[in-house]
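If you read the sequences in order, they're chains A and B.
Under the numbering used here, the first residue of the first sequence carries the number 1, and numbering increases by one thereafter.
Under the numbering used here, the first residue of the second sequence carries the number 1001, and numbering increases by one thereafter.
Each hint should be verified, as a subset may be incorrect.
Think about it this way: if two alpha-carbon atoms lie no more than 27 Å apart in a straight line, the pair counts; the simulated DSSO-like pairs of lysine-lysine are [to be verified]:
no., chain 1, residue 1, chain 2, residue 2
1, B, Lys-1194, B, Lys-1100
2, A, Lys-92, B, Lys-1068
3, A, Lys-33, B, Lys-1180
4, B, Lys-1180, A, Lys-159
5, A, Lys-93, B, Lys-1038
6, B, Lys-1117, A, Lys-159
7, A, Lys-93, B, Lys-1032
8, A, Lys-92, B, Lys-1032
9, A, Lys-159, B, Lys-1115
10, B, Lys-1117, A, Lys-93
Pulled a few chain A residues facing chain B out of the computed Cβ check, cut under 8 Å [unchecked claim]:
no., residue
11, Ile-74
12, Leu-78
13, Phe-86
14, Phe-90
If you want a taste of the chain A side facing chain B, the calculated C-beta under 10 Å gives, among others [unchecked claim]:
no., residue
15, Val-58
16, Asn-60
17, Leu-68
18, Leu-83
19, Lys-93
20, Gln-100
If you are wondering where the hints come from, they were derived from the structure by calculation, not from laboratory data.
All residues carry an ideal CB built from backbone N, CA and C; glycine is no exception.
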Amino acid sequence: MDLFVTLMAAIFVNNFIFSKFLGICPFLGVSKKVETAAGMGVAVIFVIALASAATWLVYNFVLVPLNLAYLYNIAFILIIASLVQFVEMFIKKSSPSLYQALGVYLPLITTNCAVLGVTVTNMESNFGFIKSLVNGVGAAVGFALAIILFAGVRERLEKCPIPKPFQGFPITLITAGLMSIAFLGFSGML
Amino acid sequence: MDINAILFPVLVLGCMGVVFGAVLGFASIIFKVEQDPKVPLVRECLPGANCGGCGFAGCDALAEAIAKGDAPVNACPVGGAAVSEKVAAVMGVEAGSAEKMTAFVKCQGDCNKAKTKFEYYGSDNCAFEATVNGGRKTCNYGCLGDGNCVAACAFDAIHIVDGIAVVDKEKCVACGACIKACPKSLIELVPYAKKVRVTCNSLDPAAAAMKACDTACIGCGKCSRACPVEAIEMIATKSVPPAKLAKIDYGKCVGCGKCVSECPKGAIVKYN
Chain A
1 MDLFVTLMAA IFVNNFIFSK FLGICPFLGV SKKVETAAGM GVAVIFVIAL ASAATWLVYN
61 FVLVPLNLAY LYNIAFILII ASLVQFVEMF IKKSSPSLYQ ALGVYLPLIT TNCAVLGVTV
121 TNMESNFGFI KSLVNGVGAA VGFALAIILF AGVRERLEKC PIPKPFQGFP ITLITAGLMS
181 IAFLGFSGML
Chain B
1001 MDINAILFPV LVLGCMGVVF GAVLGFASII FKVEQDPKVP LVRECLPGAN CGGCGFAGCD
1061 ALAEAIAKGD APVNACPVGG AAVSEKVAAV MGVEAGSAEK MTAFVKCQGD CNKAKTKFEY
1121 YGSDNCAFEA TVNGGRKTCN YGCLGDGNCV AACAFDAIHI VDGIAVVDKE KCVACGACIK
1181 ACPKSLIELV PYAKKVRVTC NSLDPAAAAM KACDTACIGC GKCSRACPVE AIEMIATKSV
1241 PPAKLAKIDY GKCVGCGKCV SECPKGAIVK YN
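With the rest of the complex left out, here is chain B (with noise of 0.2 Å):
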C-alpha cells in the first residue's frame, strides 16, 4: 500500500486548516471591535436579570450604553439607589436621585363589584380571553385576572387577589414586564412614594361605565376640581358625547387626598 495515499490527504487537509486558521486568526487581529475597559466593570455592577425594563436587550446593552454614555447610571430601575451608586463609582460621576417606580393595575373591578357578560371557559390567559369579545367582563377595560401579568414577573410582585391583578409595591422593581404583558393597557408605571391614584381605566360613557361596574370612573370631573394644585386632569375620548376618565398628574400631585373624598364612585384611592 502506497503511504503517500494517506499522507497527502492529510497534508492538504493539513494545509487547508493551516491556511483558514491563519486568515482567521488575522482577521481577529484586523476586525478587532475595541470594547471599552468600562463596559464589564459596569456590567458586573448590574443585577444581571436581563428583564429589559431599562428598555435596552439587556444588562450587557445596557452596561455598552452607559459606558459609552448614551444612558445615565441610574438607567437600572431594577437595581435602584444602590447599584446607581456603584455604577457612578465605576464612571466617576455623582449618581443622582432616580425616583423610585412601581407599577400599578388602574382597575378595582374585583369579582363583587364589576359585572360580567358571559360565563367564560377558555384558556386561563388574557390575551386569549380578550379576543372573545372583549373578554367576559362588561367593562372593556378592566383586568381580566387570567394572571398574564403574572407570569410575566419575574420578581413575584404580581398576584390575582379577587379575581384582579394587584401589584406586591415592595417587591415590585418596576422593571416592565407585566405593562407589557397585559393585552387591556391596564398597568403603568406610577411613583413609588405618590400614594394618590385613579384605579380605573374606563374610557366608557358614564351611564355604560355605571352599569358595569361599582367602582368605575364615569368622568363626572368632580375630583378635577376639587384638587387644590389642579393635578387631575380629564382625558376624553373623541365620542359624542365624550367619555372621561381622570387621570393624575404626578408631577402636582401633593397628597392630599381630597379627591378620594369627593369621587362618588371612590375609583380614587390613596394607598398606604
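Just chain A, same shape as in the assembly (with noise of 0.2 Å):
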C-alpha cells in the first residue's frame, strides 16, 4: 500500500513537469508530435528506472561508507551519464529494433534535470531502494504521462488560428501554464 501511494504520489500529486518544474526542456522541444512524445517518455522511464538503481546502490556503498555523501550532485551526473552512454550501446548491439525507437532521446537524456531530480529526491526522503524504484518509475511515468497529453494539446493547437503575436512558444507556454493549474487539482489527493 505504501508504494502505491508512492507510485500515485509520484505520479499525480508531484509530477514532475507540473508541479516541480523539471524536464521541461524535453517537454518543450520533444512534444509536437504525439509518436514523439510517446518514445520520448518511454524512454525517460527506462533511464529513470536505471538510474534510480545505480544512485542508490553508489550513494549507500560508497558514498555514505566514505563519508563523502555531500558529494552526491556531482556523482549521479557522472553516473548517469556514463549509464546512459552504456545503456544506449548496449541496446544499439542487442537490440537494434528498441534502438530505433528510444536511441534519437537517449542522448537527449543524458544530462536531464528530470533524472537528476528523481534520484536527489530519493536520496534526501531517505528511501529504500525498493522505494527509490517506485518513486522513480513513478516520476518517468508521470513525464510521459504530462509529454503525451501536452503534445496531443500541441497537435491541434497547430491546426486553431492563434493570434499572430501568441503563435509558436508563447501559446505553448501559456498551455503548459493551464496544464499545470489542472494537475494542480490533484494537490490534495494524497
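Quick one: dock chain against chain with the hints and give me the complex.
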C-alpha cells in the first residue's frame, strides 16, 4: 500500500513537470507530435528506472561509507551520464529495433534535470532500494503522461487560428501553465 | 586545514570517473556494431533531403538498406537516374531504369466548376476544414484548396491555382509528402510519361456528382468501352446503385486519347 501511494504521488501529485517544473526542456522540445512524445516518455521511464537503482547503490555503498555523501550531486551526474551512454551502446548492439525506437532520445536525457531530480529526491527522502525504484518509475510515468497529453494538445493547437503574437512558443507556454493548474487539482489527494 | 579533506574526495571521484570511463571504453569495443563500409559511400550519393519518399526513415536509413541489399539502387525517387547511377557504381551493379513518377491531384473542381454548400471562414488548413462536414465543397471528394500539400512540399512543386492544388510536374520529385498531407487522399503518383489521366476522385452516385461539379466523373463507362487496349477500369462502390469512377491502368494505357474525346463531362484530360 505504501508503495502504491508513493507511485500515485509521484505520477500525479508531485508530477515532475507540472508541480516541480523539472525536465521542461524535453517537455517543450519533443512535444510537437504524440508519436515522438511517447518515444521520449518511454526512454525517460527506462533511464530513470535504471538511474534510480544505480545511484541508490553507489550512494549507499560508496559515498556514505566513505563519508562523502555531500558529493552526491557531482557523483550522480557522473553516474547518470555514463549509464545512459552505456545503455545506448548496449541496446544498439543487443536490440536494434529498440534502439530505433529509443535511440535518438537517449542522448537527450543524458543530462536531463528530471533524472537528476528523481535521484536527489530519493536520496533526500531516505527511500529504501525498492521505494526509490518505485518513486523513480512513478516520476517517469508522470513525465511521460505529461508530455504525451501536452503533445496531443499541441497537435490540435497547430490547426487553430491563433493570433500572431501568441503563435509558437507563447501559446505553448500558456498551455503548459494551464495544464499545470489542472494538475494542481491532484495536490490535496494524498 | 587538512589537505586530505580535499585530496580524498578528488581521489574517490577521480577513481569513479576512471572506472566508468574504462567500462565505457570496453563497452564500446564489446558492443561495437559493424557497419558496412559501403553505407557512408552510398549515403554520400543520396540527395540528403530526408524527405522519406523512398519509404525509409531518411537518407541514412535508405543508404543502410541499399548497402544491405534490402532496397534497389534506384530506390531514391528524388535523385532519379543520376543518383541511381552513382549508387549503382558504389554497389557495383547495373542501375536499371526507374520509371519517373510525378504527383498528380485528381481534381479539376476549381472555383468556377465546383459548387459549394456553405461559406467557410475557418483556418486555412485542409485537415481542419475537412472535419467541418467534409469541407465547403458540395463534392466530398474534391480538393479543398487550403494548401496542406503546398506546405508539405519541400520542392516548391505544388501550388493552389483557382482554388485547387496543381502539381508542377517538372519540379515534382515524387517524394510523396503531399500525398500524406492531403486529408482527401486526392493525390497519387502517376508515371511522368503517361499524359492521359482521370482528373476526378468522386465516388458520389452520378446524379449527386453531376450536381456537385461540372467536371465530375459520373461513372457512365463510355471511356472504358472506347479504350482500344482495355486500360480503363470502372471502380464501383458497394452502395446500391453503385457509384462508379474511371481508373486508368497506366501499364496498359497507350495515350491514344480516345477516352478524352469520349468523356461527356471532360473528366479525363490529356496533359502536355
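Violating hint indices (sorted, rising): When the structure is compared with the hints, numbers 10, 16 turn out to be violated.
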